[in-house]
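**Student:** These protein sequences, in sequence, are chains C and U.
The opening position of the first sequence corresponds to residue 85 in this note's numbering, with each subsequent residue numbered one higher.
The opening position of the second sequence corresponds to residue 7 in this note's numbering, with each subsequent residue numbered one higher.
A hint or two may mislead.
Stated by the list, open to error - Dumping the calculated DSS-like pairs for lysine-lysine here, alpha-carbon to alpha-carbon at most 27 Å:
{"hint": "1", "chain 1": "C", "residue 1": "Lys-475", "chain 2": "U", "residue 2": "Lys-20"}
{"hint": "2", "chain 1": "C", "residue 1": "Lys-394", "chain 2": "U", "residue 2": "Lys-279"}
{"hint": "3", "chain 1": "C", "residue 1": "Lys-98", "chain 2": "U", "residue 2": "Lys-17"}
{"hint": "4", "chain 1": "U", "residue 1": "Lys-351", "chain 2": "C", "residue 2": "Lys-396"}
{"hint": "5", "chain 1": "U", "residue 1": "Lys-363", "chain 2": "C", "residue 2": "Lys-98"}
{"hint": "6", "chain 1": "U", "residue 1": "Lys-17", "chain 2": "C", "residue 2": "Lys-394"}
{"hint": "7", "chain 1": "C", "residue 1": "Lys-475", "chain 2": "C", "residue 2": "Lys-95"}
{"hint": "8", "chain 1": "C", "residue 1": "Lys-324", "chain 2": "C", "residue 2": "Lys-355"}
{"hint": "9", "chain 1": "U", "residue 1": "Lys-362", "chain 2": "U", "residue 2": "Lys-20"}
{"hint": "10", "chain 1": "C", "residue 1": "Lys-394", "chain 2": "U", "residue 2": "Lys-351"}
{"hint": "11", "chain 1": "C", "residue 1": "Lys-95", "chain 2": "U", "residue 2": "Lys-351"}
{"hint": "12", "chain 1": "U", "residue 1": "Lys-151", "chain 2": "U", "residue 2": "Lys-103"}
{"hint": "13", "chain 1": "C", "residue 1": "Lys-475", "chain 2": "U", "residue 2": "Lys-351"}
Because the hints were derived from the structure by calculation, they are not lab data.
This one's a predicted model, so the numbers in the text were calculated from it and none came from an experiment.
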Amino acid sequence: MDIKPIFLSLKQNKFLAILMVIQIAFTMGVLSSSVLVATDTLREWGMPSGIPHEDIVRISPEFFDETQDVGQALVKDIERVKNMPNVINVAPSNAVPFTAENMINVYLAAEEDAQEYKTVVFHSDENIFDVLQLSLIEGRMLTASDVIKGEASTTPENASKVMISEDMATALFADQAAVGQTIWLSKKSDPVQVVGIYSNFMVGERLNGRGKSYQSIIRPQVKWAQNQQPHYLIRVESGKGTAMMEDIIDVFYQERGRYIRNSELLKRTQKRMYDGRGSRALTMLVISVVLLIITGLGMTGLTAFQVTQKRKQIGTRRALGAKKSDIMRYFLTENSIITLLGLLIGILVTLMITFELSEQASQNFMNLSVLLLTGLVMWVVNILAVWFPAKRAANIEPAIVTRSA
Amino acid sequence: MFNYNFQLALKSLKDRPSLTFLTILTIAIGLGFYTTVKTMSYQGGQVPLAHKSNNIFLVQMDNREITAEEVAHQSRLVDTTYKDTLNLMAMDLPGVKQTFNWSTYGILNVEDENINPLRTFAAVTSSDFFTMFEPPFIFGNGWDKSVETSGEGVIVISKLMNDQLFGGKNSVGENVRIGTHTLKIIGVLDTWHLTRKFYDRSFSTARPDNFFIPYTFAMENNLPRRAGFDCWAGNADISRSFRTENTERLINSECAWVTFWAEIPDDQVENYKQQLNNYIEGQKALGRFPREILTYVTNLNDQFTYINGRNDFMNVFSLMSTLFFAVCLLNAVGIILAKFMRRTKEVSLRRALGAKKKTIIAQHVIEVVIIGLLGGLLGIVVAYFGLQGMMNIQIYASDYTRRVEDLQPLYALDLAMVANAFLTGIFCTLITSIYPIWRLCNTPPASQLKSQ
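Chain C on its own, in the form it takes in the complex:
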């Protein structure tokens, strides 16, 4: 196929060609940058939570009446909840998976300039492993005898043994054995010993952003005070969570003078973790798809126009022996050249946009295969858009030549 006549014809119709190139470039820029952001977000959505989050209820109560005894309530709450039908186990905890509220730094040495490792320390009792369905990877499980319980002001001692997650072990000790090692939970103080490693579970968005979604430590201690009241994590029979929510809330309201700040399935906590970015990315994606459709329609319109303009030339070519497929190929090639040009400019635009976005979010959105795939989709859509008018062009009868002067 000779490309030269195509260039000649493009040169003749500069206005239209430029119009199409601009349009494709712009569509490509918007489409691929939103696809890049969306895939990045969706990839995180697909990350396993490591826990049965559809069957764990999280309750966060808060006493406003200072005359109430938080410790008493804690014992009663757990007893009442355990007696409910369909409840499998319950654990108090100072943190909730997916929220990463209390992110801290831990250290491997007591020196001033020791390296920092980001993590969240869950203060809970031995039941948390059953509630979250964490399995033992190495070492031993924490048991009831490791747990320290008490009112914060009268219980100065802290638990000296901890378990860490698989990813935490890898981050801290790489290939070395983690069990038996010492970690400093704050700078130059609070050393604890690792007794075991449990399976990963997702900690929350603030760690996601750093690519450390699964770094956590579980410390067997439950301490309380008026301004330090634990959350409750309750695992229920599969699929029963939603129906039980009201009853669970009522059970907690049997203690007066308190308010339930939060009561939800961890599934919802997980949803909230991604919301802000997720819905924005999806909005952009929808807008881009609409834009793609419009561009496709525009291509159809413009090609149809050119076919009408070139009826006579097409007839002549057919009369001179060109096959129907030649005519089709002419239009498809012409369109591909325009598309290619548009895509190249579009990729430059995308690089600029994603660079800016990545700077802002300090997160790398660039993904070459996604970018190339988007380009391919654009090209296919354009081929489809040109297919129908090109088909009409191919059906122009050679005899049309005889009608004109």
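Using the hints, position chain U against chain C.
**Tutor:** Then chain U, alone, in the frame of chain C:
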């Protein structure tokens, strides 16, 4: 002649209706998205209390240490100290109203054990809050100054709280508790739509305050203060503790944390500023206000102009929607061009038979205007659904913590926006059609006749 052209235009629209429809659809989608975003930015930028926003002023005085850094803009300057707040409130100026507030939070609960408590944000303020900012009441009204001297526990609650705690009945006179403090309800507000919560300077669009209490009660009972405390070095280390404790020390400190407002008639503004300066001069004698005198008296309009200009997300979104609309228009030109160029034969015949260029232009302009009109109409429908969609995304993204009642006004198409969309639709379609029409009417007479 117009009739004849109109008939021709209609006939040509009906010719190849799919192309016509495609053009209208393209314009409608582009315009719809453009109007959606435009409405969001327009409604989100509305200044509250429009009828007197020019006379509602935020008052700020620079009572910082001599070592503090220069401020570049009003929005960067600290708020007012508790001491100055009370002193300014004591000034009596004709026609001037003053109020102040800070944020708090609390757990509202009632005696009835079947009704669960509610945790909410709230405002601590003074009596003129209600006359200056005019929140709408369903039942009762605000408190008067005498309550503030007696320290009596009265409270104004929002419709939401009244619905949830009292089932929506007239609860004026009933008791409600904030944590363990009992207060008497004296007013219930209706849904209060503020584009942004300006009075605490947060300019937040979420988290409306659900109760209002007098400042004397809040201070005496040490209710939490949700504020940033800008303190002098002497208190800097404990400034965070002022949120819940050390009330006595806070009252006597140089920490700025109270948002102070004044409603001043136009002819009094200069006088008010002068009074502020006099006040500062007087305080300087007591060793306060060590810096050069700096005051800001900024009305609501100016504050909103500044805030709206800094809404980066909205600005980017606006730019995107404009470009999107431009692409749609480019498309429309392509399709219109395709449609018109099919008609060169007819036009050249008409020209050969004596039709003037003007007539040809008139006929096609009518056609394009009809397309623009229909595109505009359909675009408004698209915008309506676009806005509903955007609102639902917002509700979803806030994890259902924001309510339709609060968001509705921010996503409402009003007459001005509908008219704007309509005119934009017609105008832009006309502009983009100049090229196709120009091409068409320049067809030489009879040039195409030979081939028939």
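**Student:** Hints the structure violates: just list their numbers, smallest first.
**Tutor:** 2 and 3
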